[in-house]
Amino acid sequence: MLKKLKSAERLFLLIKKQLPLNVSSGSKGKIFNEMQRLINDDPESWLKAISIWKNLELDAKKEKLSQKDANPLKRKMGENDVIVAKKLETEQMHEIRENKECQLEKQIEAAALEQGHRITKRQEFLEEDLQKDAVGSRTHSDLTFRVSCRCSGAIAKTFTAQEVGRVFGIALMKQFGWKADLRNPNLEVFIHLSDIYSVVGIPMFRVPLASRAYIKTAGLRSTTAWAMACLAEIKAGAFVLDPMCGLGTILLEAAKEWPDVYYVGADVSDSQLLGACDNLKAAGLKDKIELIKASVTELPLPSESVDTIISDIPFGKKFKLGEDIKSILQEMERVLHIGGTAVLLLSEDHCRRLRDHGGTSIPLNCREGHAGEPGSEECLNPEGKTGISDPVSPSFAASNQDSLDRMPPFGSLVPVECYKVSLGKTDAFMCKYKKLHSPGP
Amino acid sequence: MKLLTHNLLSSHVRGVGPRGFPLRLQATEVRINPVEFNPDFVARMIPKVEWAALLEAADTLHLIEVPKEPIEGYEHDEEFLRKMHHILLEVEVLEGTLQCPESGRLFPISRGIPNMLLSDEETET
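Protein chains in written order, with my numbering: chain V, 3 to 443; chain B, 10 to 134.
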C-alpha cells in the first residue's frame, strides 16, 4: 500500500530528525560523540521504528502492488513516511497542510478514507505489538544492516561520508548487537546530515517509487508525469490530449488515476508510437487511450475541441525539435476549449523564448500575501470557480511567484501556476495555462 | 482507431478549414473489442458526438442498431447507452483510410493508428 504514493521519489521510515550537528563545536571527537548520541540516546524510538518497519514489510509482501496517491516535491523527507505509517493521526495531517502542497493532504485523506479499515486495524495491531515490546525486550538482534550516509553543507567539509558512516555503524553494532552486511543487509539505515537537519531513517523500498509496476518503458519520470496530470484538473468525461506523447507516460499516469476520461496521444514518430502502444497493452489501458500519428503544429482536430492538454515538450537534446515553441503553443491554443487547461513541461530554453515573444505579463494583483492562499488563478479568472482549492505552501509560493511573474501570457493562454522541477541533471518548469478567451482574428 | 476518435478527427490540409470534417472512413480490417461498460462515461460523451459523422461512419462499417440521435433521457437509458458504448468504444478500425471530403487527401490507418501527418507542401501557407 505504501507504493500508492505517486509523486514521492523515495520513502523512508523516520527514526530521528533533529537540528543539525554543530560542526564548529570543536574537536572531531566531540562531534563523533554527538553522532553516537543520535543512536544511543533513544534506543526505544529505534526499536519502535524497526517494529513498524518489520510489520510494513510483512504487509507489503502480502499485498499485491496497486498504486495511488501523493505529493509533487522530490524530497527524500522522512516526514512523508511517519505520516504514512500512522495515517489517521490528525495532527500530522495539519503538519502536511502547512508543509506541503495540498495534493498530499487530499490524497492521504482519500487514501485514508479508502483504506480506513485496514489502517485502523493495522494501527491497532501496531499498538498492541509495541505494547508487548517492552523497552529493550526485543532488540531485533538477528538483523543485519548497512549504513548509507550522506553529508552536505558544513559537515561535509569536515568529515567524509565514510567516516561518519563508520561511526554510526559501530555505534549501532554496540547498541543493538546487529551485524553489518554490506552486500545484502536486512535493514538499511539512511543518514543525512546537512545544514538544515540531521535525519535518520529506514528506506522502505529498494527501488525508487518512480518505477511503476504498470509502466513497461518510461519516458518522462512517472512522478513528474503524475504531478502534471494532477495540476491539469482532469474532470470525468473530459477529452485530454497529449500532442507529443512519446511513450505515453503522462497519459498512463493520468488514466490510472482518472479513468472516466477520454485520452488521446499524438506523436510524429513511429517508434515512439509503437513503444506507447506496448506500454498501453502492458498496463491494460488500451481501451482508455487512443493514439494518432500527427504533428503538434498541425493537429487534425477542430478548434476548441479539447478540454485539457498535458505535455512534456521535448527539450531538444534527446529529440530534434523541428518546430519552435511558438507554433506549438499556437496550435494548442487553437484546439483548447475556452476555460480549458494546458499543463506543459518546459525547459529553461523554452521559457526564455516564450518570454522574449510574449508582451507584458498580466499584473498579478494577488501576488502579495500569497502565502497559504488559494492559487492565483482565482484572481485571473473572473468567470468563476476553477475547482482548485489547493493552498500553495508558503515556501513554495515565494519561489513560484518569481517564475510566474516571468512567464507571459501566450495569446489567450494565461499562465496560472508555474513550478520549477528538478529532472536530475536539468531543471524544468511545469507551467499551467488556462485559456481565457478566444484569440483574436 | 475507435469511432469516438474518428468523430473528432478533421483534415488539416491548408485551405480546407471546417470543410475538412468529417473524414470519410474506409475500413479493410475491423475488430470488435469488448470494453468494460461505464454508463457514466458514455453518458458524458454523448453530448460531444457529431451524429451525422457517426452515422456515416457506422454505415460504412455496416453496423446495425445504430441510434439515429440521442433520445430523451438518454443518461438513464441503459439500452441506449450500451448501444452507444458498443459503437463508440468497441468497434476498432485496424486498417483502412480516412479521406478529406474537401481535398480528397487520403490518410492511412495502420495497426489501429491513423496517420494524419501532412507533407510540407500541404501545410505551407
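Do not rely on the hints blindly, as some may be mistaken.
Partial selection, computed: residues in chain V whose CB lies under 8 Å from chain B [unchecked claim]: (1) D262; (2) D280; (3) I294; (4) P302; (5) S307.
Bear in mind the hints are in silico, worked out from the structure with no lab data behind them.
Remember, it's a predicted structure, so these values are computed and weren't measured experimentally.
For glycine and all other residues, C-beta sits at the position ideal for the given N, C-alpha and C.
Status of each hint after checking the structure:
Restraint check, V/D262 versus chain B: the minimum CB separation of about 5 Å is within 8 Å; hint holds. A cut of 8 Å between beta carbons decides the hint on V/D280: the least distance to chain B is about 12 Å, and the hint is violated. For V/I294, the interface hint holds, the least distance from its beta-carbon to any beta-carbon of chain B being 5 Å, beneath 8 Å. For V/P302, the suggested interface contact is upheld, since its CB lies about 4 Å from the closest CB of chain B, less than 8 Å.
Satisfaction of the interface hint for V/S307 is found here, the shortest Cβ-Cβ separation to chain B being roughly 6 Å, below the 8 Å cut-off.
The structure fails hint 2 only (numbered hints given earlier).
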